[in-house]
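Student: Going down the list, the protein sequences come from chains A and B. Position one of the first sequence corresponds to residue 1 (our numbering), numbered consecutively onward. Position one of the second sequence corresponds to residue 1 (our numbering), numbered consecutively onward.
FYI, nobody ran anything at the bench for these hints, they're computed from the structure. These numbers come from a predicted model, not from an experiment. Hints should not be assumed to be uniformly reliable.
[Stated by the list, open to error] Label pairs and their computed distance ranges (CB to CB):
id	chain 1	residue 1	chain 2	residue 2	range
1	A	Asn-145	B	Gly-32	20 to 28 Å
2	B	Ala-23	A	Glu-156	19 to 27 Å
3	A	Asp-118	B	Met-66	30 to 38 Å
We put the beta carbon where it would ideally sit given N, CA and C, even for glycine.
The lines below spell out each chain.
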Amino acid sequence: MRRHRTPIFHFILRSVKNPATADEILQDAWLRMIQGAREFQRASRFTTWAYTVARNLCIDHARKAVHRRHPSLDQARDDDGATLGDGVAANDPGADRNAIGHQLQRSLVVAIESLPGDQREVFVLREYSNMSFKEIADVVGAPENTVKSRMRYALERLQSSLVEYEDYARTLG
Amino acid sequence: MDCETCNDLLLDLHYDELDVARAAEVRAHLEGCNDCRAASEGLGRTRVLASKLSLPDAPVHSATVMAALTSTSPVTAAVSGRVSAVIPIERAREARSVGWLQRVGELAMRRQVAMVAISLLMVGLGLRYLPFRSPTQSVTTEMSQPEVIPATELAPTPAPAPTPTAAPGFANSMRSRAPVARPMAPAEGRAQAQAARAQNLDALRGADLGSGSASDSVGSSSRGGRSAGSGPSDGLGRSSRLGQAEAPVAAAAAPAPSAAAAPGSYGGFAQVPADEERQLQAAMPPAPAPAPSSWSSARSSAESASSRGDLANAIANYQRALALDPPAAERQAIALALHRALNSAGRGEEANRIRAQYLTPAADPAALAGQVPSSVPRTQTGAGMAQPSAPRPAATRPARRSINNVQTDLNQSAY
Chain A
1 MRRHRTPIFH FILRSVKNPA TADEILQDAW LRMIQGAREF QRASRFTTWA
51 YTVARNLCID HARKAVHRRH PSLDQARDDD GATLGDGVAA NDPGADRNAI
101 GHQLQRSLVV AIESLPGDQR EVFVLREYSN MSFKEIADVV GAPENTVKSR
151 MRYALERLQS SLVEYEDYAR TLG
Chain B
1 MDCETCNDLL LDLHYDELDV ARAAEVRAHL EGCNDCRAAS EGLGRTRVLA
51 SKLSLPDAPV HSATVMAALT STSPVTAAVS GRVSAVIPIE RAREARSVGW
101 LQRVGELAMR RQVAMVAISL LMVGLGLRYL PFRSPTQSVT TEMSQPEVIP
151 ATELAPTPAP APTPTAAPGF ANSMRSRAPV ARPMAPAEGR AQAQAARAQN
201 LDALRGADLG SGSASDSVGS SSRGGRSAGS GPSDGLGRSS RLGQAEAPVA
251 AAAAPAPSAA AAPGSYGGFA QVPADEERQL QAAMPPAPAP APSSWSSARS
301 SAESASSRGD LANAIANYQR ALALDPPAAE RQAIALALHR ALNSAGRGEE
351 ANRIRAQYLT PAADPAALAG QVPSSVPRTQ TGAGMAQPSA PRPAATRPAR
401 RSINNVQTDL NQSAY
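Chain A on its own, in the form it takes in the complex (with noise of 0.2 Å):
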């Protein structure tokens, strides 16, 4: 679990856009989890199970928050221009120390965000919590091609929106 707990965490979070309701779904999903291992099946793995149960997790809670808004990530907080998704961030001691590093972690945020949910989710598994496509295709329940779809889709609209950072890029590669 704890070698799960942060990789799950952070797709909840990017599902849910908020770090509290991240958090109470992530303990829901532990709850589900301990009291469902008489049903978990040792054919699947858990990591796609763990991932399974917290994505309809997620999906229950964005269908109760279809009428509800919620602030986003780049959503001003107050006047001095701080974001929800500094906080997330807060705790890479590179983000304070290179300010392009900070802007970076931002422009990130902001660019997974504004993914369709579905090229999102795909982007997060392969990426953060480096699960194959075909994991993630039985996460999703949808075919591996389908998912290796929405992952070029999600790349490509990643790159268009961290174009200025592509420099950068070139500098760290």
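On the provided structure of chain A, position chain B as indicated by the hints.
Tutor: Using the frame of chain A, we list chain B on its own:
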């Protein structure tokens, strides 16, 4: 590799999901294709930027989650050998205890095992329901021998009070069950067999002669081969048909039936269970009046009937007397009397048959002595007796004087 294929495989290349050979092909194509290389570099830069996103630390477990974890005493078990899962201790123990059961269950559910089990079951059922055969009793013997028990043999003594309203269907079904009996004493002598046949014939004759429609039965049988008609004699008629069709065959096949000597053994046939015996007796038609058991008494009865003018009764008694194997001289006299009675009754065709069978010089009394028991019982009416026996060569034996005398007398009476 073309650009389209390379473009499709770029993702797999960047995320290391291509095998070595395929990845080498894609890299070789990228070396010579600027467009594809530019696309690949763009994906690479985006991935580099995305990797710079710092993942937030997940919050610690809430009190509720911790309570759930401690209450279920979770243990960490390897799942798929790579990740760990939270599985309660109870479930782990249960999984260990039922593991061998699951393996046995999976083995039993395989298709091959199911087919073998079904085959063994079918073989077992076949062995279970096959009838037991003794070494001395072969299948061919059972199939070739007519295992028919006459209705009269199944009831060796006249039933004291049979049910007159016994359903004919039930009676037929019981008759159909009669052939299950098996011969059990094949070593008995031929004399006993003939005596038993004679007793069977007595019963069969009695079944017809004892009924009120005896003359009708004899007449109709001689004319059309049909048995007695309807009404009260219907049951007797059915019994007569049964005896006509089955009794001689069964008697000839069974070497030593001794009906009277062995009560309960049914004349040498295997013993029928008591309840089945009661059912058979109940299904039998009412027993006829006891008939004379010797040829002399039959002859005297025929003569008395003839003196009363009862030609039908006289003819029947004469036929029965002939069937009871009288001495040769007496057979001629009885045959002559029968011939006269048939002529008097206007049944010239049957009279001619009697004449040809018993009263011609070619009819050897010695040969007839051996033919009568086997040929006569084939009918209890006049139909079977009217059938001429096989022609015998006249030169084999000289004609006897008594036959010549009878022939002369016969010619005088007939013409």
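Student: Against each hint, give a clear statement of whether it holds in the structure.
Tutor: We went through each hint and held it up to the structure:
1. A:Asn-145 - B:Gly-32: 20 to 28 Å: 27 Å, holds
2. B:Ala-23 - A:Glu-156: 19 to 27 Å: 22 Å, holds
3. A:Asp-118 - B:Met-66: 30 to 38 Å: This hint holds: roughly 34 Å between Cβ atoms.
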